[in-house]
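Residue numbers (my numbering), protein chains in the order written: chain C, 4 to 365; chain V, 24 to 328.
Honestly, I wouldn't trust all of these hints.
[To be verified] Reference listing, derived: stretches of chain V covered by chain C, where coverage requires no fewer than 3 residues with Cβ under 8 Å from a Cβ of chain C: (1) 93-105; (2) 109-115; (3) 119-129; (4) 236-248; (5) 255-261; (6) 306-318.
Quick caveat, the hints were computed from the structure, so don't treat them as lab data.
In this text the structure is predicted, and so the values were computed from the model without any measurement.
Where is the CB? At the ideal position from N, CA and C, for every residue including glycine.
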Amino acid sequence: MRLELVKRKERSHKMAMLSPIIAIGLTALAAAIIFAVSGHNPLEGLYKFFVEPLTQQWSLQATIAKATPLVLIGCGLAVCYLSNNWNIGAEGQFIVGALFGSALPILLPDFESGATLPLMLVFGALGGALWALIPAVLKNWFNTNEILTSLMLVYVASLMLDYLVRGPWRDPDGYNFPESRMFSDAATMPDVFGGTMSLSTPITIVIALILAVVLAKTLKGFEIRVMGESPRAGSFAGFSAKRLTLFSFALAGGLAGLAGTMEVSGGLNQLLPTISPGYGFTAIIVAFLGRLNPIGIIIAGFVLALSYIGGEGVQSAMGVSNKIASVIQGLLLFFVLACDTLILYRIRLVSHHAPAGETSHV
Amino acid sequence: MFEAVLLTVITAATPLLIAAVGELVVERSGVLNLGVEGMMIMGAVVGFAVANQTGSGALGVVAAIAAGMAMSVLFGFLVLSLVANQVATGLALTILGVGFSGLIGEAFIGVPGLKIPSLYIPGLSDIPFIGPVFFQQDAIVYLGFALVAGVAYTLFRTRIGLVLRAVGDNHASAHALGYSVIKVRFMAVLFGGACAGLAGAYMSLAYTPQWVENMTAGRGWIALALVVFSSWLPLRVVAGAYLFGAVSVLNLHAQAHEMLNIPSQLLSSLPYLATILVLVLISANRRLTLVNTPACLGKPFVPDR
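Just chain V, same shape as in the assembly (with noise of 0.2 Å):
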């Protein structure tokens, strides 16, 4: 009971922690994108097309990370280049990207679905319980912790990380010391779309593998919300994918196990009040916010020639 348990939480928490990592690094840089959503549907529906039309599960994935990719290329341009208004922006970017994943997707409904396939490490995998939970995973969820450490390492401990860092909190400075603030926030934006399409693809191709219209439901803005509890440390995001998997996950578990008489409804609508739960708690908290928000996050920043 408790491994299987343990396995959903780890298969619920990965796309958050994917997103949410991806977010974070765009905030560091300083732009607030808020299309995690839109993305992440459309690396779900492409993932799940291609995957389908190829029969490739790996193809279906650079597929989403592509998808993404271009929803991002489409939020950079607008805010970065014609400083277009970042919490605007971002929203319509999820508009179009729920809009659009319903229209390719339709095709796709109730079609039976491609699984991504578990690793297998012959001796470490049969071991009891360690084996199943830490070597039997698919090659997504340890791509997402490499991930994790990639980031903390490239944040606080390369100079690529200090520039994007300088960008973020500071960007009058960044460009008077001659670095591009403009080049730097799109990458780091492209970064975002690329995990934002990755976390969609393992929703549509792992987590549950089918399309279903608006199958992320709302998770990307989980991921946003998880950057904020993490207080924009790579490290404390995977705290909290974790507790938000688990709580996603209780759900299904309690239902299965008709656990008390609680309405199907309030479960499912656990995770959407553990959010505003989190980010009350995390924004009381004047000092554990203001120490690392970036400074210059949503402003927008038009080089003076």
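The shape of chain C in the complex, shown without the other chains (with noise of 0.2 Å):
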């Protein structure tokens, strides 16, 4: 027996609405049994898993505000990847981001207007942007493997924050611990509709809508798309890769560096040694398992961010280690990618002996 893939006329709009759900049915098949070899009720893991941060409000609000970062980092790589530009750093981003929206309340925490909110915002997109253009100049000018740098560049961010908030930017009067001074209430995220979340969510939802108006309906779109698929034919049309290069890595830091700072001006109010569960790498996932597409991308993002919150519940209700939500999010990005097969392809089994037409499609 063996896999012959068998090419289809066209791509199959049917597959590609389907491959996603597929992948995480794969999913949670082996997440049951990773739940039984372990020596757990595999469906008692699953409802914890999945289904009960559904069943009740902190859970869900929590699950949303675990999704808001994933979502906007997410959209941002999709353009990333739509236009083949392969930034894989979007958590280097997402640090640096937090460290310049950070810098307004840590090193001025009498500046206290309306305005601090705002300009943390826009200084935290500026960094997260600033951080990912080195990768696309360095692919520009030298030709330099953008995947290697923008990863490189993640652990000097992370070693970047931890001399930051062991050093100079730690409290003064904080007790020597590695934290900075708590933001005051202007340079923090306002909650919205009665509390339930953070005004970081809808800004994002809005962000991702205009994105989605952006890569359907624009010259811009067209751009990404065109670019990613046949650089050639794109480039007769006059569209630049260099500056697509430069403009998609920009974004998608300017997103990743806006996430990280409504992630330290929301939630964490104040910077930590770590201040990401590896957000920029989760959305990763969220991005192929959204299609590269900003309204599945939403849906992707609350997916995954119910396995961060399912797998605390596994821990605390079966004991089981919450490690294994990465190891779900890992599977999950491996049965998308193999489920986008079937789109472009039929796969059928061939048995060495029958003859040629006893074949069977799957």
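Build the complex: two chains, separate frames, hints provided.
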């Protein structure tokens, strides 16, 4: 028996919709097996992991709070990946954005006005964009592989954060703990809708919707898609691959930086040696699960956020390590990529002995 | 002092060397596997766990190689059998490996490890300076050099190497000549997985004999950069690995001797900054990179019947 791929005449739209759902199903199956192998009731595990977070108000709110940065970062990454720019350093851009955004409340704690928060958000987006432009510029000028450089900068960014919170930005009244001073009220992201969610969430959704329109309806969106699928065709239309590299990296970095600032000014209210449970990497999964489409990414961000909350849920209720969350996230990306094959190809199993024609379609 | 520095450089360079030479073979066959970090960390945790349970370092190493290969089978199935996107699948492999190793390794945090013994050759090992540096290393250090020599010989002096390079440079022609592109690539991917697993075992059984979450700390990615640095020539991987080994231990020695007043975080970031610098220097020289870059690197192949 072996697999054989038969190219479809055209993209299967049905499979494009179905493949993320099949992937989630297969991931749940794999998760059930992991629960069973580690000696737990698989059904209880699946329920606690995927369903229970949705049944209570606090956990639903926590899921939305976790989904927000994932969606914002994932939207930017989608633009990169659509245009064939492999930015995998969003984690670093998130951190540098948070550092730029925090500079104001940490260095000028007495500057409390209505402009504080908007300025922080602008700085945050700027910081993330600048950090992301490093691999983009290196790619354009020196032909450097952007995958490796953007990833290396993640390590540099987290060491920078570590240095600042243990060194110059440490809270002077903080008993030597490695943390910055707390942000003032003017530097804190307000809650909206009766305190159910941070202002970050509606901001993120608005940005995702704008991006969805830009990608689907505007010339820029056309440029991004054409340059990803056929740079040669795009260059005849006058699009510049180098300009698009700068644009997509700056956009992705800017959104990741904005997410970083909103995270520290919303949830944490100060800088700590670690400010992200790997949002920048999980957002890569979000982007692919959401089919590189902002609307899909909103849904995918929620699904991946569930895995964080669900991971904590199974840990406290069943004593399963919450590390299982990152295993499930990794499996999910695997299954998404595998299922995407079905969009372009039909898969059939061929037995070595069967004559041609006696094949079974899947 | 110099001898001590040199010894730490060797241990720091060995995992980079082994992982990079494995990935070099993979890329020569035309496949880009960005999952080196994931395969390496799985090798590290499985090697540690098996050595800890059985008390045998050798079994740990074998298990680590098997773990790296198992991960590479997943990758190979997706990108070769299902023509999934290579970049994304490699990333998935790394994300999965980092997550899975954290889950497996949770039971082994803080457990004292087992160090692979160094070889001792009576006579030779006792020579001052030369003895400790050249004749008192553990077996994997020598194995690393043997791997480089073997890969260099196989790639450029044997028929297998010729076929492998043909598949990597022009898969359509290789297919037309009757070679199974997919099979050759799968073998190369498996070899890469075995090397990454071995490199991981070296991390947790020799470099720092313990399990710490995320202990490979980006070395898999640096190994990928080393392949670019070497411009796909095995012997240059040695130079690159030792250069990076030196940069990464500079950190330890500088901190131990309180050199200057440099923040430790800056020193720790040197290997990553050096990687970027080296990539810039090498990639800017188009003649150097284009000559040896496998022409089909990263391009999917679907055999027509």
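Stated coverage of the stretch 109-115 of chain V by chain C [criterion: 3+ residues, CB within 8 Å]: It holds: at least three residues are needed, and the stretch 109-115 of chain V offers 5 whose Cβ sits within less than 8 Å of chain C.
Given coverage of the stretch 119-129 of chain V by chain C, tested with a Cβ cutoff of 8 Å and a minimum of 3 residues: holds (count 8)
Proximity test - 8 Å, beta-carbon atoms, the stretch 306-318 of chain V to chain C, at least three hits: holds (count 4)
8 Å C-beta criterion, at least three residues: is the stretch 93-105 of chain V covered by chain C: With 4 residues closer than 8 Å to chain C, the stretch 93-105 of chain V meets the three-residue bar; holds.
Cβ contact check, 8 Å cutoff: the stretch 255-261 of chain V against chain C, three residues minimum: violated (count 0)
Chain C covers the stretch 236-248 of chain V, three or more CB atoms within 8 Å, holds or violated: Answer holds; 5 residues pass the 8 Å Cβ test.
Going through the hint list in order, the structure does not satisfy hint 5, though it satisfies all others.
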